[in-house]
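Undergrad: Now for the letters of each chain:
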Amino acid sequence: MRCYSLLVPLVALASCAAARAQTPLHNLGRTPSAEEIRAWDISINPEGKGLPPGSGTAKQGETLYEHKCARCHGKTGTEGPNEPLIGGQGTLQTERPVRTIGSFWPFATTIWDYINRGMPQYEEGSLSADQVYAITAFLLYRNGIIHESDVIDANSLPKIQMPNRNGFVPPKPEWKRREKRPFGIYH
Amino acid sequence: MNTKERGRRRFLKGGAALAGLAVGEIRSASGQAIGSERPEVRPEDFRAYGERSRFVTSVRRDPRNPNSRTPLQDSVGIITPSALHFMVPTWIDPPDIDPWQHRLLIHGMVDRPLIFSMEELKRLPSVSRIHFVECAGSGDSLEERKKNGMLAETVQRTHGLTACSEWTGVLLSMLLRETGVQKEATWLVAEGAEPRKRSKSIPLEKAMDDVLVAYGQNGEPVRPEQGYPLRLVVPGFEGVHNIKWLRRIKVLDQPSMEKEETSHYPTQRPDLGKARWFQFEMGPKSVITFPSGGQRLPSRGFYEITGLAWSGGGAIQRVEVSTDGGRTWKDAELQEPVLRMAHTRFRFPWNWDGDEAVLQSRCTDDVEAIQPTLAEFGRIWGGVDSEYLKTTRNKVNHINAIQPWKVSRDGSVRNALL
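The listed protein sequences correspond, in order, to chains A and B. Residue numbering for the first sequence follows our numbering, beginning at 3 and increasing consecutively. Residue numbering for the second sequence follows our numbering, beginning at 5 and increasing consecutively.
By construction, these hints were calculated from the structure, which means they are not laboratory data. All residues carry an ideal CB built from backbone N, CA and C; glycine is no exception. Don't take each hint at face value.
On the chain B side, residues computed to face chain A include the following (Cβ under 7 Å) [stated by the list, open to error]:
| # | residue |
| --- | --- |
| 1 | P199 |
| 2 | K201 |
| 3 | G317 |
| 4 | V371 |
Each pair of labels, with its calculated beta carbon distance range [what the hints assert, rightly or not]:
| # | chain 1 | residue 1 | chain 2 | residue 2 | range |
| --- | --- | --- | --- | --- | --- |
| 5 | A | K182 | B | K394 | 25 to 35 Å |
| 6 | B | Y392 | A | K182 | 24 to 34 Å |
| 7 | A | E126 | B | P129 | 29 to 39 Å |
| 8 | A | K182 | B | R351 | 22 to 32 Å |
The shape of chain A in the complex, shown without the other chains (with noise of 0.2 Å):
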């Protein structure tokens, strides 16, 4: 849609301008298939939009964890030599608090996506939908979330309240443009 005069009444122009807006300028790139996108979207939600089916329990994930995540996490997800999984719950106000997922991350869906998307290193891809489940399941036991015999699925892993859900502050994330900070620190 294109304006043609200058004369038209400052009503029609907005409504023009804003037409134009939602118009495609150069007509490049195509118009991917609904599979194409589905292939692509790994995306997980905080409300778990976007888990796919499948389901495992911390019982199948503790012999997937020793192959699998041992290597780099430790035999007890504690020790390492990358980042501990387990433990931390009440050190976060410590002068040493100790991160996990058990004591620091706020939902659930995270841990799920965080493996499925690049976990084992040098092997990203390679779990099943199902393997993820339980390894997921697996780590929330042992960090004393769930029962050992809970089954996580697309329906359940949303709906788990992680220990730090309230812990962080604003409880809405925002940015403002050109706003003065002092010092320009997030405070």
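Using the hints provided, position chain B relative to the given structure of chain A.
TA: Frame of chain A; chain B shown alone:
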């Protein structure tokens, strides 16, 4: 090889022989040849793709730390050579992406999801902009002291997680106009194509403001370790937002809450007992790059103190330099161009009288935010004193404290933050 090409090669060889002769003939007053030996690089090699002089040895690799950092002590001007741009993380090899296969998908809360090839992106109207990219952990001079008892020695160690490039690409706002954005949308998540598919949520308002989808860096394609063939540049924001090897953008009505906005980047605030969730812009920061830690002044006399200043909040308005440990401050000269969210070079003439001197700089940006001392930083960041910052194992990001360097009588320069 065709005739023309053979002729060109002959010409290059002939030119090299002449150049070699000339080098051999240049002698200094003492009779010693300049340069101890002939370069072993064949002329064809460095003419095909330029090499720096073999006498220039500045590198971003640092044997004392696996992280690679920009060697700011050797920097001149405001542009960081692409080959010296810091790399985070360093433990992954950059993916080997064929640009003909690479695609960018934009979907989610848009009217028309679109997939772009690199060829299509390059047909769109482009912009070039000079911006710094800085890691949220940059400027933490205390980190090394906590690990091995010693303050970071050089400016590469203290501030080397920043770099400034000219980025060329298309504005994300333009791509989002191509797809149309639904009214309820407020965020997007950007994702890389590397095996671990690092992702980060970004406010839509920022995306519509000045975010670049870049394929060019300093006059050539973005380097593989910087995101070839396509990356995001989010001016002024923590480095983690600048997703490399960009493959997907999903428009959302809330942050996606993936790992990068969950585990490392929130700040646990001692005074609130809670974590500051999202932190976006890097604060105003400046540092003297010469003279700086680990360097040595050969004699008393004239030196040009120089350094860099930058702010995620906008353009640098003022840089002041103190040569007496912060008792008095004088304005430094700002080198044009002074750009928003870009390194700005400052200069300050100085005659060193041979006595001990503590050199430091502080900057002010154009929203009037001023660079703090370490004590001021601690107070605002979390109601803590410098003692806390020296010892805590709590992760402290966004440190933008004034950095003092102490010049001793023997001309040696060391980190004098504490």
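Undergrad: Could you work out which earlier hints the structure fails to respect and list their numbers in ascending sequence?
TA: none
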